[in-house]
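Student: Below are the chains, spelled out letter by letter.
4 protein chains.
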Amino acid sequence: MYNFTNDYNETVHPELLKAVTSTTNQKIKGYGLDDYCTKSKESIKQQLQSPNADIHFMPGGTITNLTVISHILKPYQAIIAANSGHVNVHETGAIEATGHKVLTVKTEDGKLTPELIEEMLIFHCDEHMVQPKLVYISNTTELGTIYTKQELREIYQFCQKKHLYLYLDGARLAMALAATENDISFPDLAKYTDIFYIGGTKVGTFLGEVVVFNNTTISKDFRFSMKQKGAILAKSWIVAVQMNALMQNNLYLELGRHSNNMAEKLKTIFENAGLTFAFKPQSNQLFVNFPNNLVKKILSNYSVDNLGAMGIGYTCLRFCTSWATQEDEIQTLAKYLKGVIDI
Amino acid sequence: MYNFTNDYNETVHPELLKAVTSTTNQKIKGYGLDDYCTKSKESIKQQLQSPNADIHFMPGGTITNLTVISHILKPYQAIIAANSGHVNVHETGAIEATGHKVLTVKTEDGKLTPELIEEMLIFHCDEHMVQPKLVYISNTTELGTIYTKQELREIYQFCQKKHLYLYLDGARLAMALAATENDISFPDLAKYTDIFYIGGTKVGTFLGEVVVFNNTTISKDFRFSMKQKGAILAKSWIVAVQMNALMQNNLYLELGRHSNNMAEKLKTIFENAGLTFAFKPQSNQLFVNFPNNLVKKILSNYSVDNLGAMGIGYTCLRFCTSWATQEDEIQTLAKYLKGVIDI
Amino acid sequence: MYNFTNDYNETVHPELLKAVTSTTNQKIKGYGLDDYCTKSKESIKQQLQSPNADIHFMPGGTITNLTVISHILKPYQAIIAANSGHVNVHETGAIEATGHKVLTVKTEDGKLTPELIEEMLIFHCDEHMVQPKLVYISNTTELGTIYTKQELREIYQFCQKKHLYLYLDGARLAMALAATENDISFPDLAKYTDIFYIGGTKVGTFLGEVVVFNNTTISKDFRFSMKQKGAILAKSWIVAVQMNALMQNNLYLELGRHSNNMAEKLKTIFENAGLTFAFKPQSNQLFVNFPNNLVKKILSNYSVDNLGAMGIGYTCLRFCTSWATQEDEIQTLAKYLKGVIDI
Amino acid sequence: MYNFTNDYNETVHPELLKAVTSTTNQKIKGYGLDDYCTKSKESIKQQLQSPNADIHFMPGGTITNLTVISHILKPYQAIIAANSGHVNVHETGAIEATGHKVLTVKTEDGKLTPELIEEMLIFHCDEHMVQPKLVYISNTTELGTIYTKQELREIYQFCQKKHLYLYLDGARLAMALAATENDISFPDLAKYTDIFYIGGTKVGTFLGEVVVFNNTTISKDFRFSMKQKGAILAKSWIVAVQMNALMQNNLYLELGRHSNNMAEKLKTIFENAGLTFAFKPQSNQLFVNFPNNLVKKILSNYSVDNLGAMGIGYTCLRFCTSWATQEDEIQTLAKYLKGVIDI
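Protein chains in written order, with the working numbering: chain A, 1 to 343; chain B, 1 to 343; chain C, 1 to 343; chain D, 1 to 343.
Just chain A, with the same shape it has in the complex (with noise of 0.2 Å):
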């Protein structure tokens, strides 16, 4: 079966296996307190061109999410999220199991805005509900979508305003950088979040995502909370290398970019197949409208993610792209499309 399910179902860039590999017959210091994490978080802070950032390496997505924002919030505050954020749907409510809600707002293409947050924060007036106090944007969002520039940075003033922390998911930060539409540099994020995180597994590391305070008055003792919760592996080091690799010669740019134009090559071939998007495309997921009757052909065939009824008469599959993605496999699924649409 053909497949485009998601962007961790590849194993790992030759880059970063050579990077994991160069570190064989050598001790290394336990919990990332060794030469390649330091050498690691400096070739970040360059990219951020940030040298007062503080950089930790973490074993995942989820994981990342519940520590910094169990660290970061008292037992009465809560998080803002849009209804499809990640930390909403698809983390079998790992930020509910640190004690804190997820307030959600409803969007049309996962993105929030200052006035979305603005109603949360009139809502939430007194000490019968949760203090609403770190806002979870994702970049790009889990509809595909990006935030432009001038987006992020009005969420952050208007958070700077209410005293909220903008935190900033970055499991596909590489897709989202890498955009045709987009124009937010890694000093951008720096500058327009408290925290924000590099993501690594869908870029082609074999496991590892990097979290980045701007913020450092929040940071304090994040190696408690890390610890805690079971965050720092003892060779943090195999993170590091891999994240290291990712920042030389523009590779984790180049690895989203990658991606991003398989998936324009994908938007193409579903349009003049007369398709149409759920949400708009903008980068390596695409969320195609089919006619019901043509679902469970397309699913026998490719595996893909199946979002439901949308609208009537149609169906939306997610097809998402990645840095391995080859040409033929899209001129494969071109191919197999002329055989079974006729619109």
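Each hint can be trusted.
Just so you know, same-sequence chains aren't split out, so a pair can sit in one copy or run between any two.
Lysine to any residue pairs mimicking SDA-like chemistry, simulated, CA-CA at most 20 Å apart:
hint : residue 1 : residue 2
1    : Lys74     : Thr216
2    : Lys280    : Thr180
3    : Lys74     : Asn215
4    : Lys27     : Leu333
5    : Lys74     : Pro132
6    : Lys280    : Thr5
7    : Lys29     : Tyr2
Please keep in mind that the hints were generated in silico from the structure rather than gathered at the bench.
Guided by the hints, dock chains B, C and D onto chain A, whose structure is given.
Tutor: Using the frame of chain A, we list chains B, C and D on its own:
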């Protein structure tokens, strides 16, 4: 200022004070293991016609909800509630603070149905999402509406089929059971819920609610959870004697009925003034749509809850009556309205 | 059976009942925002000579401990307590249930010292271990002993130096402050702790304790935590009016003194019978070492706590007096002992 | 500086690197549902002679402990551990952060016995105290000692009788099973524990441990808990392929044996130098008592753990060998000691 803010803003009903006062000059066993508690439980079981119910005396509503729910659920399990549910909005994230997500369903009338619950079950299909396990309803609902016996039975039977627990929050159970349109009895609650609580605070106790486990397989060790959450009063009998008094001579329902009757009179007054209601008036809470230009005036004379904009040009104010509301308070409001409303 | 089991096995002191009864037939604001609460807080501040103290009315001891401690600590921080501390042993893991470790220090007399605390600080040196942040003491201790002013001051000053918070559990504060050997005053508690609570339940209230934050930087938003944990009673004034009555005419200390006096008389009786004490008798709890052959007999006539083996051949039984203990109960015990002891 | 600090300070064993490298250029299902995971589980089941074991791949030890324990226990239940237990001391309160108390038993050798466990059961007799439900042991223990088969069986049978779960932390299981004095086999672990984990990090994996539920009634829905705690790696196969390689040709035990052999040689050297051990040397950790005047010198040349004062005049330093320790490192230490020790 006149006060229709809430039904817990009264002090204590004379019969309940008498019950409390009668306990003086005694040594009484601590932590709910005394004879007053035993006797009170017997009275309640009689009302319920349920000799095997497992009954516990609790200090208040929020602590009842959080203790019951956290006792029953496994860490990855969630509850389903109406978006207007008390546990979702007005308990400062008490349920989440015990680690559990509150899944919310949008409803117009504050009531859940098997269909609404089933939608949540279908969506939550794998281990990347929480596992819904307990359905939380309240009667009366937070919007003043009530369940019919058939609605309750259908939800219960659906829950049974789907291996969900049904928990009914009875903070205003007296008003529900005494409502004109009600056909649910105490024994029905024993039959058609797994757990429910009989609210005391809103019908004139100093404090105290009674939680009833009909499904005693899930109440095992409940006193451990009570103690851990700080929910066992050393002198639990202060709750027990009041609840016992409420069970005598139908006092409980009487107090609910009086609350409802006063609301019924208010309802006629509002209708005569040409006003409409945001939610169907069925008990002691009236959600009245006021033209925006009247709101400030009303609020400067009456202490009531302001629920904010309700459609274009209208603001919803909640008038809440109680067991202690006096006929003349109603008449004063009627006169007042005549002076200010001109429709 | 005669009963020296506990000091909360009495009902309510007449003055406190009077205070509660006086509230009838009123509308009173909910959730602790009413005039009774305000007035009661003023009485307490006067006693403490501390106009800026931040004061809250709580339903019971366990919920006070868990709400205060979880409000103050960050997730990776721990408390230090004597191994006999109530939070360690007798609250069903209430503190751990909010996520925090209770570090325990072995003590002979239930009292902490700067040296004992420092040992814990030295041991907990990095992020692989919890970070001790709050010192929990109780006065009287769970072993009936009391702190001197110098001891308290030294602990407080040590805590200040080490950036630890000092929290004093005053479930039996009345007995501590009324002890013959005591030299601590209410104003001293305001000076030498960050937070403490004034126990009500064990000196004759129906229920209720008062938590006092001297350090108001850590009490910010405390009502959010109270609501979340179910600790704000809708009718908080039931606690407030009782505490207010206790603050009048030294009633609080009077009741403590009576409890202690009755214990003092018991102490003489036990000593005359040739019995010894497991812990120094300083307040209303006596831990008496009984020859094993007497224990069954004593327990068949007296309801007291059995603490088990205490050295070879002896068993420790706790006799607890209260504000309501009568002279003739003491004399009856004296006579009884003469009948059974032959040393 | 020479380094006997820890067994996770090595990088990766060549066979394991080979296994990891062999996965390139593939699409692999996410979240542990792939063929590599299936195959690896089969290898492990074969070793255990336990076809029905429920097996999961985890990123590290702390997250394994907290996920397993919080999955199994009810909120008011506690675990029993040796006071030296890793979950008690070195996981920053990870277990408490999930809400559960760690009850600790003082032991001289890091090992629990039915008698020690029973004392805790007897003490915890009612709902004012936590309910002990899971016994946590580790093999090797944190003090380098090992359990005999008879000791393990007796604990297990006692747990069965008392309705407790037995969980064995196998971070250094390879060293335990390969110890000269060991008589426990893999199939014994399947028979005499409810759950255990097979440690990978300390025998040369990049990362990863394998949790094995022998008692599958308590593993139901475990993947929900894994996802919630951030314990399911998207590319879980990186752990699976390494564990599979360790199961081939007795590699797992070989690596444990090498670690132990190197320690055995160190032991002889220390003994020849007239030094004694704080705990019986049975595996790859040696706790050596050094005269205080030597400690500074040793620590300036060797990176080892300093456990502090051990009796009068002595300080305990831990020397830890590993699968990668070289014969010449041992010889160098022997020479070094000759130069500094003069007893």
